[in-house]
Amino acid sequence: MQAFTTLTGIAAPLPKANVDTDQIIPARFLKSISRSGFGKNLFANFRYREDGSENPDFVLNQEPYRKAEILIAFENFGCGSSREHAPWALLDFGIRCVIAPDFADIFHNNSFKNGVLPVKLPREVCEQLMEDARMGGNARLTVDLEREVVVRPNGEEIPFKIDPLRRHLLLNGLDDIGQTMQHAPAIDAFEAKRAAAQPWLAGAAGTTPAGA
Amino acid sequence: MSGQKPRTLFDKIWDAHVVETLPDGTALLYIDLHLTHEVTTPQAFDGLRQAGRKVRRPEATLGVIDHNIATDASRYTGIVDPESRLQVETLEKNAAEFGMPLIPLLDQRQGIVHVIGPELGRSLPGMTIVCGDSHTSTHGAMGALAFGIGTSEVEHVLATQTLLQKPAKNMQVLVEGNLAVGCTAKDIVLAIIGRIGTAGGTGHVIEYAGDAIRALDMAGRMTVCNMSIEGGARAGMVAPDDTTYDYVRTRPFAPKGEALERAIEYWRSLPSDPGAHFDTVVRLDAHAIAPQVTWGTSPEDVLPITGVVPDPEAAADEARREQMRRKMQYMGLAPGQRLQDLKVDVVFVGSCTNSRIEDIRAAAAIARGRKVADGVRAMVVPGSGLVKAQAEEEGLDRILREAGFEWREAGCSMCLGMNPDKLTPGQRCASTSNRNFEGRQGPGGRTHLLSPAMAAAAAIAGRLADVRDYQPKKGDV
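Which chain is which? The protein sequence lines are A and B, in order. Heads up, the first sequence stops at 212 in my numbering, and the numbers go up one at a time, no gaps. Heads up, the second sequence stops at 689 in my numbering, and the numbers go up one at a time, no gaps.
Since the hints were derived computationally from the structure, they do not count as laboratory data. All values reported here derive from a predicted model rather than from experimental measurement. Note that CB positions come from ideal geometry on N, CA and C, so glycine has one too. One or more hints might be untrue.
For lysine-lysine, the following DSSO-like pairs were computed, each having C-alpha atoms within a straight-line distance of at most 27 Å [to be verified]:
| # | chain 1 | residue 1 | chain 2 | residue 2 |
| --- | --- | --- | --- | --- |
| 1 | B | K381 | B | K555 |
| 2 | A | K120 | B | K381 |
| 3 | B | K224 | A | K193 |
| 4 | B | K217 | A | K193 |
| 5 | A | K16 | B | K539 |
| 6 | B | K378 | A | K193 |
| 7 | A | K161 | B | K381 |
| 8 | A | K161 | B | K378 |
| 9 | B | K378 | A | K120 |
| 10 | B | K685 | A | K193 |
| 11 | A | K120 | B | K539 |
| 12 | A | K193 | B | K266 |
| 13 | B | K224 | A | K40 |
| 14 | A | K40 | A | K67 |
These stretches of chain A come out as covered by chain B in the derived footprint (C-beta under 8 Å, 3 or more residues) [said to hold, decoys possible]:
| # | segment |
| --- | --- |
| 15 | 9 to 17 |
| 16 | 51 to 65 |
| 17 | 93 to 99 |
| 18 | 108 to 117 |
| 19 | 128 to 134 |
| 20 | 149 to 159 |
Negatives, chain B to chain A, calculated, CB over 12 Å [said to hold, decoys possible]:
| # | residue |
| --- | --- |
| 21 | Y288 |
| 22 | T462 |
| 23 | M540 |
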C-alpha cells in the first residue's frame with residue numbers, strides 16, 4: 001500500500017449526502033479481477049450520458065476537477081455495499097482523500113486499506129471547504145496526516161483526528177496482514193482452546209460439502 | 213458468573229472471539245466462518261499469491277457463485293459474458309489452488325451466499341461470520357455476529373482467520389406487539405430504516421428484540437437482519453431461541469446428536485443479560501406498521517402503501533429540498549401522487565433479502581388464481597437450488613407460472629444489475645431486494661422496495677398495490 005503523509009491538491013465539491021457505493025462504482029463494472037482500471041468508471045452514472053459521452057454538468061468532467069485529488073461531500077459517504085472497488089476507483093482516478101461529515105463503516109475501513117484517507121469534519125466545515133473547492137485550481141487544499149490538519153487556501157488550519165493505529169499504518173504504508181502474522185502463536189493457542197471447548201465448531205467447520 | 217457486568221448478545225460473542233487486544237484497544241478478532249463469492253475475492257487471492265501466503269483454514273471457508281451469473285437456462289451451456297466467465301473461473305481456480313471448498317455453479321446447493329450459509333447449517337449461533345458482502349448481516353438472524361468486509365479484509369481473514377476490529381456500540385431495536393394482517397418482516401425492517409435513517413446505525417451492531425421479532429420465523433429474522441446495513445449498521449442480530457435451534461436441527465452441516473445438545477446448552481447462554489447496556493434503544497409498535505414501500509432512492513425514503521409522494525417544498529432546508537427534487541426527478545414522481553397509482557413495468561421477487569421458501573410461498577399465495585397484469589414482466593428468482601426444488605415440490609412454481617411469473621434459476625439476479633437481469637432506463641420495478649439506489653438495478657432503473665406479498669400484488673395490479681386488497685384465494689397448496 002502506498003503511504004499517505006501529506007497531500008496538496010485540487011479538491012472537487014460534491015455537495016451530496018448518502019453518496020452510495022453504487023454511485024461511486026456501479027455493480028456492472030465490478031467484473032474485473034484486478035485492483036486497477038476502475039477510475040474510468042468512477043461515478044459512471046453521473047459522468048457519462050446514456051450514449052457514453054461525457055456529461056459536462058458533472059464536476060469531475062470540469063476543469064480543473066479532472067485532476068482532483070481530494071473530494072468533499074456530505075453525510076454518510078460510501079454507504080451501501082462492501083465493495084472495495086469504491087476506494088479502488090477513487091484511487092485509480094487520482095483521489096486520495098475524501099472529506100465528509102461522516103462515512104459508512106465499511107467504506108471507511110476499506111479506504112484506509114488502500115491509502116485513501118477519509119477525513120471527518122463537521123458539516124459547517126465541509127460547507128466552508130466546499131466553497132474553497134468551488135474556487136477551482138487557485139484554491140488547493142493541503143491534508144497533512146502527520147499533523148492531522150487540513151490547511152485551507154487562506155492558511156487556516158483545521159484539525160482532525162484519525163485512529164492512532166490506522167494513522168500509523170497509513171503514514172508508513174504498512175500491510176496489516178504482516179503485522180497480524182506476528183500474532184500467529186496467539187491465534188494457534190486460541191484455536192486449540194476453542195476446538196476443545198466448542199468441538200461442534202471444529203466439526204462443523206471441518207465439513208466440506210460433498211463434491212465441493 | 214456473579215458480579216460480572218451484564219452483557220449484550222454482541223458483547224458475549226465479541227468477548228468469546230478476542231484473540232488479543234492491542235495496546236490501543238483494537239482487538240484481533242477470531243473468525244469462525246468465512247463465506248466467499250466471485251466478485252470480491254479475486255484480488256484477495258492474488259494478494260496471497262504475491263506474498264506467498266496460504267489460506268489458514270480452508271475448512272472454515274466456503275465459496276459459492278452468485279452475483280454475476282445468469283438466472284436462465286444459459287448457465288447450463290456456459291457463461292456467455294466473457295468478464296463474468298473469467299470471474300467465475302477465477303474463483304474456481306483459486307478454490308482449487310488454495311484448497312477452499314466451493315459449491316459448484318451447477319450443484320443443487322448453489323445459491324445466494326446469504327441464503328445458503330444458514331440453509332446448509334454452516335452459519336450457526338454464537339459464531340463470527342464474515343463475507344466480502346455488506347449483506348452478511350443476514351446471518352445475524354442465527355444469533356451470530358456477522359458482518360460484511362472489503363477485499364483487503366477478505367485477504368486478511370484468508371491469511372490469518374482473524375480481523376483487526378474496534379468494538380461496535382450496542383443498539384437495541386425493540387418491536388413490540390403483533391403485526392397486522394398483510395405485514396411481514398420486510399415491512400418491519402423498512403419501518404425501522406424509515407425511523408432511524410440510513411446512517412442511524414453507523415458504528416453500531418443492532419440487536420432486534422421484542423415479541424414481534426420473537427414471533428418471526430428464521431426467514432423473517434434473516435430479512436430483518438439482512439437490511440441492517442441499510443440502516444448503517446454493519447451487523448444485526450436476533451438472540452437464538454427454540455425457533456433457531458429447531459431450524460439448525462434439520463440442516464445438513466450443522467452439528468448432530470450429542471454435539472448439537474452441547475452446542476445448544478452453550479447457545480442458551482448467549483442472549484443479552486437483563487440490565488445489559490445499550491448505547492441506543494429504538495422502540496416500534498408492530499401493530500402500527502402498515503405495508504411499506506419506498507418512493508425515493510434511499511431505503512429511508514419509505515412510506516405506508518396508503519401514502520402519497522412527499523413534497524420537497526416541505527423539507528427543512530434548501531439542501532434537502534434540492535436532494536428531494538433530484539430523487540423525484542430520477543424516480544419520475546410528482547408531489548402528492550398516490551403511491552398506489554404508480555404503474556410498474558417489472559416485478560422482482562428474489563435477492564438475499566427475500567428469496568427463501570417462505571418468501572416464495574407468500575408471493576404464490578397472492579398470485580394463486582390471478583394473472584400478472586398486461587405489460588408487466590414479473591420474475592421469481594429462488595435464493596438457492598434447494599429453495600427452488602422445495603418450491604417445485606410444493607407446486608409453487610406451477611402457481612406462479614400459471615399467473616404469468618417467470619420461474620428462474622438461483623442467483624442474485626436483478627438485485628444489483630451486474631448480471632443479465634437488469635432494468636432498462638426509466639423502467640419502474642416493484643422489488644423485494646434491499647437497495648433502491650440510483651442505477652442499482654440497471655442504469656436509469658426505478659426501484660420500489662417492498663415485501664414479496666406486496667410485490668405479487670403489484671404484479672397482479674400492474675401498479676403498486678395494497679396487499680390487504682389482495683387476500684389469498686383458497687386452494688389446495
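Violations among the numbered hints: 1, 10, 13, 16, 17, 19, 20
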